[in-house]
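Student: Listed below, chain by chain, are the residues.
There are 2 protein chains.
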Amino acid sequence: MRFDPQDAQTLFKIMQWRRDVRHFDTTPLTEEDLDTLKMAFDLAPSVGNARPWRVIRVQSPDLRAKVRDEFERCNSDAATSYALTERSDYLKLKLQGLDQAPEQFCIFTATDPAEGRRLGRRTMPETLRQSTAMALHGLWLIARARNIGMGMVSILDPKRVESIFDCPPEWEFSAYLCLGYPQFTDDTPLLHRTGWQENTQARWEER
Amino acid sequence: MRFDPQDAQTLFKIMQWRRDVRHFDTTPLTEEDLDTLKMAFDLAPSVGNARPWRVIRVQSPDLRAKVRDEFERCNSDAATSYALTERSDYLKLKLQGLDQAPEQFCIFTATDPAEGRRLGRRTMPETLRQSTAMALHGLWLIARARNIGMGMVSILDPKRVESIFDCPPEWEFSAYLCLGYPQFTDDTPLLHRTGWQENTQARWEER
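Heads up: the protein sequence lines correspond to chains P and U, in order.
Anchor point for the first sequence: position 136 equals 157 in the working numbering, and the numbering is continuous, going up by one each time.
Anchor point for the second sequence: position 101 equals 122 in the working numbering, and the numbering is continuous, going up by one each time.
Among the clues, some could well be false.
As the list makes no split between identical chains, a pair holds if one copy fits it or if it spans any two.
With a cut-off of at most 25 Å between alpha-carbon atoms, the simulated SDA-like pairs for lysine to any residue come out as follows [said to hold, decoys possible]: (1) Lys59 with His44; (2) Lys180 with Arg43; (3) Lys59 with Pro189; (4) Lys34 with Glu227; (5) Lys34 with Asp63.
Quick caveat, the hints were computed from the structure, so don't treat them as lab data.
Based on the sequences and whatever the hints tell you, model everything.
Tutor: Rendered as structure tokens:
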């Protein structure tokens, strides 16, 4: 199988227009959209082919409200950790779309799955979490290619989220995702646009 | 910016044909290839736009030999951890292409970069490592779209790799990568083909 330069260009364009979306339209995603998003997990790399991601599609208003409360708590704590001027900048940022996003997924990582037979993770258990992160990146790109926005919410206490979802002890919280059609598209990160953090060059050295 | 169904199909095909490559041709990559691979880091998502990845392009035969020795040590330990029949299966697997891969990158994650101003990582420092993992996944896809193979080597002790590269104390080892033109292409993971671990369905529940 050989790809041509046009295929690589398409991939670049999808990557360049992928954003962490926090402004959602409330229009529900279609069943076909959902099936396509699920494919991201089937196509993701994983250490020893262990496929350690565990996905909960969160529809219960009660569970959503608990996550929202937990975000508010952690976000207030985070704001307080900044000195006055920076705090005011921080509080102006919109960091999630929990109220509007029609689809929400809670993602966990199994910390010792039977699959993969421990291959490749003995000295680096971190590879299981890396596998989940790669699956989430694939999901982000597939969503973008389908003109769906995704936002990743990390201003949450992992232990509390695990307790909200009463998940098995061997599951570790990885991310809470908001998905839906975006209100606008942009090729530049919002944190760059708002002046919080501009893009910096990758640090690369040769030895 | 709107993508059409054809663009999404191209992305699916790249993801479906992305493999962890361990059989490399020794032909060097071109400078243009390298420039394209570097773009993966510029286009990757990161928590608070912190861009925590740190890349060393490893060309020194001495450094390469030290990594190779470290792999051998960890791989022997791993083999010993399996009971007899499984050990023999394990030892038949080719798990890296360190001797042939013309390009090798050692990837680290900065554990508290100034960039991003701590946004999004206060309760989840793991988001920095997730950012690096996502950048590596983007690199994998870009490489595949350019018909370049990439293999990720994790059978290494992170502390020893950090010491081999004498890296700053705030850098944490994330992965060692082999890159080059592959000897063959395949749409099915090698560990699946060899019977070590077949693909399993993503675990997905609704609540």
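Student: Tell me the numbers of any earlier hints that the structure contravenes, in ascending order.
Tutor: 4
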